[in-house]
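Work out the full structure: start from the sequences and follow the hints.
Number of protein chains: 4
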Amino acid sequence: MNAAVIGASGYSGEELVRLLSRHPNVTLAAVTSRSLAGKPVADVMPALRHLVGELEFTHSDPVVLAAREDLDVFFLALPHGVASEYADPLFQAGKTVIDLSADFRLKSTAVYEQYYGQAHPAPHLLAAAPYVIPELADDQWKSASLIACPGCYPTSVQLPLVPLLKQGIVKPAGIVINSYSGVSGAGRTVAEDFIYCERNESMKGYGMPKHRHLSEIEEQLEKAAFADCIVQFNPHLAPMSRGISTTIVAKANGSLDNLYASWNATFAGKPFVNVLPSGSYPDTKHVSGTNRADISAVYDPRTDNFVITSVIDNLLKGASGQAVQLLNLKFGFAETAGLL
Amino acid sequence: MNAAVIGASGYSGEELVRLLSRHPNVTLAAVTSRSLAGKPVADVMPALRHLVGELEFTHSDPVVLAAREDLDVFFLALPHGVASEYADPLFQAGKTVIDLSADFRLKSTAVYEQYYGQAHPAPHLLAAAPYVIPELADDQWKSASLIACPGCYPTSVQLPLVPLLKQGIVKPAGIVINSYSGVSGAGRTVAEDFIYCERNESMKGYGMPKHRHLSEIEEQLEKAAFADCIVQFNPHLAPMSRGISTTIVAKANGSLDNLYASWNATFAGKPFVNVLPSGSYPDTKHVSGTNRADISAVYDPRTDNFVITSVIDNLLKGASGQAVQLLNLKFGFAETAGLL
Amino acid sequence: MNAAVIGASGYSGEELVRLLSRHPNVTLAAVTSRSLAGKPVADVMPALRHLVGELEFTHSDPVVLAAREDLDVFFLALPHGVASEYADPLFQAGKTVIDLSADFRLKSTAVYEQYYGQAHPAPHLLAAAPYVIPELADDQWKSASLIACPGCYPTSVQLPLVPLLKQGIVKPAGIVINSYSGVSGAGRTVAEDFIYCERNESMKGYGMPKHRHLSEIEEQLEKAAFADCIVQFNPHLAPMSRGISTTIVAKANGSLDNLYASWNATFAGKPFVNVLPSGSYPDTKHVSGTNRADISAVYDPRTDNFVITSVIDNLLKGASGQAVQLLNLKFGFAETAGLL
Amino acid sequence: MNAAVIGASGYSGEELVRLLSRHPNVTLAAVTSRSLAGKPVADVMPALRHLVGELEFTHSDPVVLAAREDLDVFFLALPHGVASEYADPLFQAGKTVIDLSADFRLKSTAVYEQYYGQAHPAPHLLAAAPYVIPELADDQWKSASLIACPGCYPTSVQLPLVPLLKQGIVKPAGIVINSYSGVSGAGRTVAEDFIYCERNESMKGYGMPKHRHLSEIEEQLEKAAFADCIVQFNPHLAPMSRGISTTIVAKANGSLDNLYASWNATFAGKPFVNVLPSGSYPDTKHVSGTNRADISAVYDPRTDNFVITSVIDNLLKGASGQAVQLLNLKFGFAETAGLL
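Protein chains in written order, with this note's numbering: chain A, 4 to 343; chain B, 4 to 343; chain C, 4 to 343; chain D, 4 to 343.
One thing to keep in mind: the hints can contain errors.
Note that the list lumps identical chains together, so a pair holds whenever it fits in one copy or between two copies.
Unchecked claim - Computed cross-link-like contacts, EDC-like style, restricted to lysine to aspartate or glutamate with a CA-CA straight-line distance of at most 20 Å:
#1 213 with 303
#2 254 with 307
#3 174 with 307
#4 273 with 338
#5 174 with 231
These aren't lab readings, by the way, just hints derived from the structure by calculation.
Right, dumping it as structure tokens:
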């Protein structure tokens with residue numbers, strides 16, 4: 004199976020190149036970037052020098068790519084809006100497309116327009132494009148050939164929360180989510196706010212109260228809860244390269260035992276979600292460089308809240324690792340292939 | 004005026020030595036530590052080599068210190084429990100004592116016992132020992148000679164929240180507080196969990212749901228609200244040396260204009276609290292090394308919550324800087340003396 | 004093939020466990036530690052939770068281990084002195100032993116005694132134990148069953164310098180080496196000097212002028228140069244978790260073209276050494292998490308010196324990665340097996 | 004006395020604003036920047052919110068500034084070349100000018116042209132503009148009204164080395180200097196190479212073998228040695244915000260006692276240079292935020308070299324702090340005024 008990474012100039016693109024270069028069932032056959040076409044991948048991603056050999060960035064327009072018979076699966080690491088320009092012809096040509104952008108994450112075009120400031124670029128494809136966190140989805144999605152890979156914050160939120168909402172173990176009203184992301188969450192953005200001396204030794208909130216990922220979080224939580232689920236979502240920047248630490252406060256509608264039973268049932272046999280005992284705290288360092296999520300919870304009898312903490316590597320389980328996990332599951336490879 | 008720092012071996016002690024060495028109205032006349040007695044301060048605090056000259060650590064027991072006529076004011080940078088052993092004789096001897104421990108922060112001895120696991124060591128002194136965040140207290144406290152200096156997390160919480168609770172602009176029920184502290188919050192603790200490679204690139208919660216500072220936060224918030232105020236307080240460690248970033252979600256009981264009017268009235272003319280416009284985010288880096296708090300808020304019409312963010316330097320406005328600010332105000336020095 | 008990691012409580016041990024758990028040709032069958040015996044590996048190394056399953060630390064004395072027929076190869080991640088206590092019976096029992104300690108690195112027992120402050124614990128084994136940087140050694144070593152895996156600083160020094168000394172392209176006299184190591188170079192040492200707040204934002208030298216690794220560097224450089232080679236070696240700590248950056252100043256005895264020709268010939272086909280063009284600077288970040296060394300050089304006509312820079316991950320190419328590379332080569336596995 | 008900071012948009016400018024705002028003998032009366040004119044200083048330098056009040060950036064051309072009778076002393080925090088455009092008219096108007104650029108550091112216009120790629124912009128001023136590290140200069144410079152403030156690397160090198168070269172305690176030939184700078188050494192440069200994720204956890208050399216500061220280092224060392232002094236200077240970037248760590252290897256031409264006697268004589272009574280005992284290692288963290296240099300040395304009998312280490316804060320003793328120290332000394336203020 005031959006894979007292509009489209010728009011590989013950022014950090015998620017780099018992780019895709021890393022993972023696919025080492026993947027036992029896939030050949031990384033093309034890496035594209037408008038701005039980097041013609042450059043050796045090894046020069047742009049020096050951390051991958053030992054993996055990428057002589058591979059070069061290419062630039063091909065969507066139609067040309069769609070016509071290439073040697074390419075089977077496409078990972079889109081493109082900005083929203085642009086992703087659709089590729090997804091449409093590739094999908095029409097029968098290719099498998101795993102999209103890491105926001106274009107197919109929201110099922111409501113109205114919400115998309117509200118949060119992304121533009122009309123949805125490909126509404127006709129939405130029905131065909133399941134949104135998949137593999138540990139939370141049933142197997143139906145595997146027949147799709149266009150798959151929306153979830154965002155980083157949303158993954159850290161949904162993994163612990165969706166099973167509890169589905170089973171009514173937490174109440175959907177009044178949920179408060181605080182998330183802290185490493186700076187790579189902003190991608191390879193070159194701006195004063197992201198230079199080393201501005202971010203080092205710095206913690207700050209941003210984008211409150213209506214960060215773009217809120218739309219995706221709420222749409223999915225409401226689907227799980229079969230109820231309105233208006234959450235307070237507070238994203239922050241933390242002085243580290245990678246990792247998301249999410250802390251969720253939700254009203255209990257069951258016991259801590261119920262909560263753990265739900266998690267244990269949901270994640271039994273899932274290699275990439277680790278349920279930690281109550282009172283043990285997930286640490287971003289422990290999942291950095293892995294596709295794993297660690298989750299845990301305590302119950303506070305004083306407030307009748309659960310306090311749930313989860314950690315992921317924003318570039319792996321929050322983006323490229325999860326994308327490769329989707330590939331593995333769709334094509335029947337080992338779920339962990341290329342991901343250990 | 005001659006000052007002594009008692010128990011100066013930790014980071015708060017070091018900041019006290021730094022601030023008092025530069026203070027225009029005070030002479031740092033004694034620095035004590037059981038474990039370090041006889042050592043030059045410059046060797047233990049090499050960052051202060053240019054400030055401390057030949058000063059040495061001494062060890063004197065509380066009675067001896069209380070009898071010294073050359074010492075006027077004592078800063079206690081001691082563990083809870085131990086602080087009382089010094090505070091009592093010093094207070095009886097008519098000295099001014101500014102205590103950075105938890106011993107006189109809580110007015111309820113029952114709560115003290117519950118959170119600190121021991122009977123209160125000096126309940127007879129509690130009535131004489133006001134708990135003072137200077138921007139929030141009326142001037143009465145200045146006549147006290149034993150003053151409880153607030154904790155780091157509690158300062159970051161109370162500064163923005165107390166005025167709003169007093170004026171009923173937020174509802175006291177259902178408040179959720181997430182705080183992220185630099186590693187110096189754990190002091191100079193030598194333990195595997197605090198070595199560089201364990202904390203670097205690491206974010207994690209701890210001590211949930213009942214961190215010791217919760218007791219102090221709730222006692223003060225309830226006093227401000229004249230109502231029960233059971234909060235969810237989630238402390239975390241962040242990969243930086245200094246700083247606390249606190250994010251508070253509270254139900255609105257007034258408009259954002261009301262909130263800002265309350266803050267502006269409370270903090271007008273206060274040199275160490277800076278009210279930032281809504282949509283502008285306080286950053287720990289901007290207050291690091293200062294005695295300043297920056298605070299800001301947004302209103303979310305979707306949830307009817309305010310989201311309030313505050314930042315301080317945990318060792319300065321959260322400990323030693325605030326202690327010196329108390330000294331300045333009590334003795335009529337410029338509020339900013341030695342603190343700019 | 005079944006492997007055991009002996010003394011796995013430190014960071015090198017953790018890397019060995021990580022690498023061997025993923026190795027396609029090896030089963031990690033035992034992980035030992037005196038202090039951790041009985042504990043699940045997943046609890047002690049939470050970053051490896053998805054890799055180690057139910058594996059537990061055991062404690063077995065050397066004789067018992069030597070008698071186990073199910074174990075084929077032993078990695079010793081033990082302090083010097085202690086390593087010999089295991090190496091000797093394991094070697095006598097015909098096991099393959101890859102020793103990451105200093106015990107078999109020096110061929111001179113006098114130098115060992117001088118630098119390590121004790122008589123050599125197993126001088127009778129020295130002749131049987133080759134010191135091997137695989138890119139620099141001829142294939143003879145593969146028949147040995149006790150192999151000394153080089154130290155981190157020495158690897159960063161020898162990779163670029165040994166070929167040049169062998170071919171006389173630099174002069175052996177007057178070499179100056181400055182190295183900067185991430186804090187994991189000190190292992191999991193719990194001491195005040197290694198807590199986060201002491202090392203963050205801190206650069207300092209240490210152990211000058213006679214760091215233990217100097218003995219190993221000089222013995223090997225002299226062997227390469229067939230001449231005395233007394234170097235100035237200046238180790239430093241840098242505020243990062245992993246990585247060594249080494250900068251070598253050596254008198255030119257040939258042209259920059261000669262230097263690059265030597266390197267290109269030495270490292271052609273070697274997957275783990277990357278020769279960068281002159282004027283391009285190796286970066287620890289680019290090799291972090293890999294078994295790769297990046298090297299480069301400039302010539303300064305003003306001083307007639309080469310300035311050579313090299314970077315490695317101190318825990319991988321500087322320790323555990325190189326150890327697995329030795330395993331791969333000795334047993335005819337792909338050189339990169341388990342190391343990409 | 005009224006001071007102006009010209010070109011205050013970078014990190015050195017920010018430090019000047021900080022120091023001058025707190026200075027007991029100086030009023031900061033103007034802060035200029037072409038790009039920021041009209042903006043409140045507090046918005047651009049949020050860390051200084053409590054210090055700068057309503058002060059705004061202005062833009063005035065050099066002639067207008069020179070005509071202002073209310074301004075006495077000007078700090079130029081401008082790029083080389085541009086600094087001369089201001090220095091010339093200000094000097095002609097009889098103002099005191101302390102220039103932090105390279106324009107007046109080199110006395111050889113040929114060397115300036117070679118290293119800075121342009122003809123010297125104001126050669127007629129060179130004779131009037133002494134280059135001053137205050138601890139190393141005799142008092143004559145105080146009558147000058149245009150003063151060249153040394154660079155950061157050069158200060159870290161000259162402080163320990165100039166006394167030794169003057170007294171012949173080290174040999175001028177064959178000196179090797181390795182320096183590691185925090186990222187603020189690159190100023191507030193917005194470029195991919197300086198974004199957080201590229202610099203965090205990264206050590207690398209750059210600009211070898213002929214960094215611009217080499218010209219300044221060699222000119223000064225040769226002046227001290229009365230001899231040729233061609234050094235190898237290797238600058239590097241370290242993953243921290245502030246600080247320079249410099250390690251110098253120089254052939255001994257005297258004993259370690261001679262070296263320390265020279266330093267002790269040179270730095271006796273100097274508040275900002277701290278001589279540490281041999282075997283004690285200067286640490287950037289200990290001088291961060293101060294105007295202090297810490298220096299130390301060991302002697303290696305094996306190589307007959309001294310290994311000298313020094314640390315400074317690149318933005319303070321390496322730039323703005325030293326500039327204020329020059330102001331203090333020139334005008335007879337306490338040397339430490341505004342600098343503790």
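Checked hints:
In this assembly of identical chains, residue 213 and residue 303 lie within 20 Å of each other by CA distance solely across copies; the values are 8 Å between and 28 Å within a copy. In this assembly of identical chains, residue 254 and residue 307 lie within 20 Å of each other by CA distance both inside one copy and across copies; the values are 6 Å within and 17 Å between. Taking the shortest Cα distances, residue 174 and residue 307 sit within 20 Å of each other both inside one copy (11 Å) and across copies (18 Å). Only within a single protomer do residue 273 and residue 338 lie at most 20 Å apart by alpha-carbon distance; the minimum there is 9 Å, versus 31 Å between protomers.
In the homo-oligomer, the alpha carbons of residue 174 and residue 231 lie at most 20 Å apart inside one protomer (10 Å), although the nearest pairing across protomers, at 23 Å, exceeds that limit.
Violated hints for the displayed structure: none, as all numbered hints are satisfied.
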